[in-house]
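Protein chains in written order, with my numbering: chain A, 153 to 269; chain B, 21 to 198.
Derived by calculation from the structure, the hints in this document are not laboratory data.
Among these hints, one or two may not hold up.
[Stated by the list, open to error] Estimated spans, in silico, between C-beta atoms of each pair: (1) B:Gly-40 to A:Glu-175: 29 to 37 Å; (2) B:Lys-23 to A:Val-252: 38 to 46 Å; (3) B:Tyr-33 to A:Val-252: 28 to 36 Å.
[Claimed, not checked] From the structure, some residues in chain B lie toward chain A, with a derived Cβ separation under 8 Å: (4) Lys-23; (5) Thr-47; (6) Glu-48; (7) Leu-49; (8) Asp-51; (9) His-52; (10) Val-54; (11) Cys-55; (12) Met-76; (13) Ala-78; (14) Ser-82; (15) Leu-86; (16) Ile-89; (17) Asp-107.
No residue lacks a Cβ here, since even glycine has one placed at the ideal position from N, Cα and C.
Residues per chain, in single letters:
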Amino acid sequence: MEPVSSEFLRGTLKTIVLKLLSEQDKMYGYQITQAVKERTKGELTLTFGALYPVLHKLEQEGLLITESVEVEGRLRKYYSLTDSGNEVALQKISEFERFVDYMQQLFQTPPSIAYGH
Amino acid sequence: MEKLTPQQIDRLYTYLLQSGLTGELFTELLDHLVCEVEHYMWIGLPFEAAMHKTLMEANADSVQKLRKIYQRELTLADDQLAEASLDDILFQFRNKSYGAYAMRQSYNRTLVYALFGALGLGLMMIAFLHLISQKTWSYWSPWGMIWIAGVAAVSVAVVLYFLKQERWQTVPDGEEEL
Chain A
153 MEPVSSEFLR GTLKTIVLKL LSEQDKMYGY QITQAVKERT KGELTLTFGA
203 LYPVLHKLEQ EGLLITESVE VEGRLRKYYS LTDSGNEVAL QKISEFERFV
253 DYMQQLFQTP PSIAYGH
Chain B
21 MEKLTPQQID RLYTYLLQSG LTGELFTELL DHLVCEVEHY MWIGLPFEAA
71 MHKTLMEANA DSVQKLRKIY QRELTLADDQ LAEASLDDIL FQFRNKSYGA
121 YAMRQSYNRT LVYALFGALG LGLMMIAFLH LISQKTWSYW SPWGMIWIAG
171 VAAVSVAVVL YFLKQERWQT VPDGEEEL
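Next up, chain A with everything else stripped away, as it sits in the complex (with noise of 0.2 Å):
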C-alpha cells in the first residue's frame, strides 16, 4: 500500500466498511479487504491489522452485529448493519460526499483567484 493513501484511508476506514456492510446482507472480514481490492483494482488494500480494530469498534457501538458459521470446520465470523447502523451508514456515506464534492471545488479553484488582499 502506498502510504499516501493509507494516510487517507485511514479517515476513511469506517465509512468503507459501512458502505460496503450497506450493499450487503452480511460479510466477513477476508471478503471486505477482497471487495476493497477488486472495486479499486487492487489500488487500495486494506490490511487486516487495520480492518479488524474497525469491526470490533463498529460492533462495540452497535452499529454491527455479528454472527459466527462453521465453515469448513472452522468458525468464520460475519458481520451486519444494525438499524442504527444502517442509519449511521446512510448519514456517513452522504457525509462523505459532500466531502469529496468540497475537496473538488477546493481543487478546482483557479490559481488565479485573490486570496483577500
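Given the coordinates of chain A, assemble chain B onto it according to the supplied hints.
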C-alpha cells in the same frame, strides 16, 4: 477454489498461537489467513509459497500491533470506566452468563446476609442455652426477646438471600449492559 488440508490449516494455527493471540480475534484471523492462502493457491501458487506470502503480510509485528490496538481501542470508554467495577473490567471480554460474574457481583450482598444469618443463629443459641439452664421460659423476658430477634434475623437473611438469588439468573450476557 483450492481448499487447505487440516495439516496446512494447523500450520497457520500454530503460527497464530505463537504470536500470542487469544480469544475471538484468534478464530477470526485464522479464518482470514486461511482464506488468503487459499486465494493465493487459487491463482496458482504452491502451498509453501502461498503461505509464505500471506505470512509476510501478516508478520508477527503486525499481529502484535493489532493485538495492542485491539486492547487499547476496545477497552471501556472513559465514562464507562469511571462507573465500571473491577468485575466489569475483569469480565469485559469474558463470558458473563457462565455464572462467575453473577457470583462476584452478588458476593458483598451474600456476605451481609450470611453475617445476619450467623448473628441470628447466635442469638437463638444464647436464648436456647438460657432456657436449658433455667428451665423456665417466657417470651416477655429479655431472653425471649433475644430468641425472637434471632429468629427474625435468620428468616430475613434467608428470605432476602433467595429473593436475590433468583435475580442472578437474569444477568445479561454480552456487552449490552456496559
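Against chain A, run the beta carbon of B:Glu-48 and see if the smallest gap drops under 8 Å.
Result: holds, 5 Å to nearest chain A Cβ.
Status of the hint placing B:Asp-51 at chain A (closest C-beta pair under 8 Å):
holds (5 Å)
Checking hints one by one. Is B:Lys-23 an interface residue toward chain A, by the C-beta closer than 8 Å rule?
Hint holds; B:Lys-23 Cβ to chain A Cβ min 7 Å, cut 8 Å.
Satisfaction of the B:Leu-49 interface hint, Cβ to chain A closer than 8 Å
holds (7 Å)
Restraint outcome when B:Thr-47 is required to lie within 8 Å of chain A by C-beta distance
holds (5 Å)
B:His-52 as chain A interface residue, shortest Cβ-Cβ below 8 Å:
Holds, about 5 Å.
Consistency of beta-carbon spacing, A:Val-252 to B:Tyr-33, with hint 28 to 36 Å:
violated (42 Å)
Just to be careful: measuring from the Cβ of B:Leu-86 to every Cβ in chain A, is the smallest value less than 8 Å?
This hint holds: B:Leu-86 lies near chain A, its Cβ roughly 4 Å from the closest one there, short of 8 Å.
Interface restraint verdict for B:Cys-55 against chain A (beta-carbon cut-off 8 Å):
holds (4 Å)
Minimum Cβ distance from B:Val-54 to chain A below 8 Å?
holds (7 Å)
Is the interface hint for B:Ser-82 satisfied, with its Cβ closer than 8 Å to some Cβ of chain A?
Check passed: Cβ of B:Ser-82 comes within 5 Å of chain A, closer than 8 Å.
Quick check on B:Ala-78 please, does its C-beta sit within 8 Å of some C-beta on chain A?
holds (7 Å)
Checked against the numbered hints given earlier, this structure breaks hints 3, 12 and 17; the rest are met.
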